[in-house]
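Enquirer: Sequence:
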Amino acid sequence: MRSSTLALLAPFMVATAMAGCYSGGAEGNKKTALDSLSITCKQIGGYYVSHQKRDTCVSVKDAGVSWYFEVKNDNGDGRSLSVDTCVSGLKTEIEGCPKGGRNTKDGWQFIADPNAGSCTDIDFTNNQKRELSLIDSHGGPSKAKPAMMRRDAPNVPSKAFVEGDLLFVVDSGMSAHEE
3 MRSSTLALLA
13 PFMVATAMAG
23 CYSGGAEGNK
33 KTALDSLSIT
43 CKQIGGYYVS
53 HQKRDTCVSV
63 KDAGVSWYFE
73 VKNDNGDGRS
83 LSVDTCVSGL
93 KTEIEGCPKG
103 GRNTKDGWQF
113 IADPNAGSCT
123 DIDFTNNQKR
133 ELSLIDSHGG
143 PSKAKPAMMR
153 RDAPNVPSKA
163 FVEGDLLFVV
173 DSGMSAHEE
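For the numbering used here, count along the sequence shown from 1 and bump the result up by 2.
Simulated from the structure, these hints should not be mistaken for lab results.
Only true hints are included.
In silico PhoX-like pairs for lysine-lysine, Cα to Cα no more than 25 Å straight-line:
#1 Lys63 / Lys101
#2 Lys93 / Lys63
#3 Lys44 / Lys93
#4 Lys107 / Lys33
#5 Lys107 / Lys32
#6 Lys63 / Lys32
#7 Lys63 / Lys44
#8 Lys55 / Lys32
#9 Lys44 / Lys33
#10 Lys107 / Lys44
#11 Lys107 / Lys93
#12 Lys93 / Lys33
#13 Lys55 / Lys44
#14 Lys107 / Lys55
#15 Lys33 / Lys63
#16 Lys33 / Lys101
Here are the computed distance ranges between Cβ atoms for each label pair:
#17 Glu97 / Gly166: 20 to 28 Å
#18 Asp167 / Asp76: 32 to 40 Å
#19 Asp76 / Glu97: 20 to 28 Å
#20 Gly166 / Gly80: 32 to 40 Å
#21 Ser52 / Glu29: 28 to 36 Å
#22 Thr106 / Gly26: 15 to 23 Å
#23 Asp167 / Gly78: 38 to 46 Å
Here a beta-carbon is modelled for each residue, glycine too, at the ideal position from N, C-alpha and C.
Please take these sequences and the hints and turn them into a complete structure.
Expert: Now the structure itself:
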């Protein structure tokens with residue numbers, strides 16, 4: 003009787019596990035994504051204020067597919083993201099979703115999304131200024147305070163670098179609601 007109950011519940015268990023999976027888009031190389039998680043999570047781990055997010059793009063030289071990873075603190079308070087929590091959350095989407103997906107666990111939102119093409123050019127990324135310029139409806143500078151502010155994390159530099167055959171583009175300029 004137990005095996006028949008499990009057989010009946012199996013489709014629902016799979017649907018629940020894959021609820022955050024994307025139905026369209028590119029399929030990425032899971033090995034590349036899994037191999038990059040340790041470095042990715044060391045780059046984007048650390049302290050997050052409420053609703054901050056950080057992201058990284060990882061691509062293999064000349065492979066034509068990149069992985070976009072994002073982690074967001076969905077909690078109302080600031081807190082730290084450990085490398086282990088980051089790896090675990092992103093790994094769930096890589097292993098369970100052929101075309102990527104998102105999940106939320108313990109107030110952290112994790113996105114792993116394979117995309118066609120490679121990450122942004124390293125020189126472009128490393129030479130960008132981290133400032134918001136607001137333009138009003140007449141084309142001049144806005145006097146309004148933005149709802150979202152870009153912040154650079156002192157412990158996580160914005161940069162692009164190559165590690166072996168992998169290109170990492172890390173965006174530590176985080177968006178957070180200003181109070």
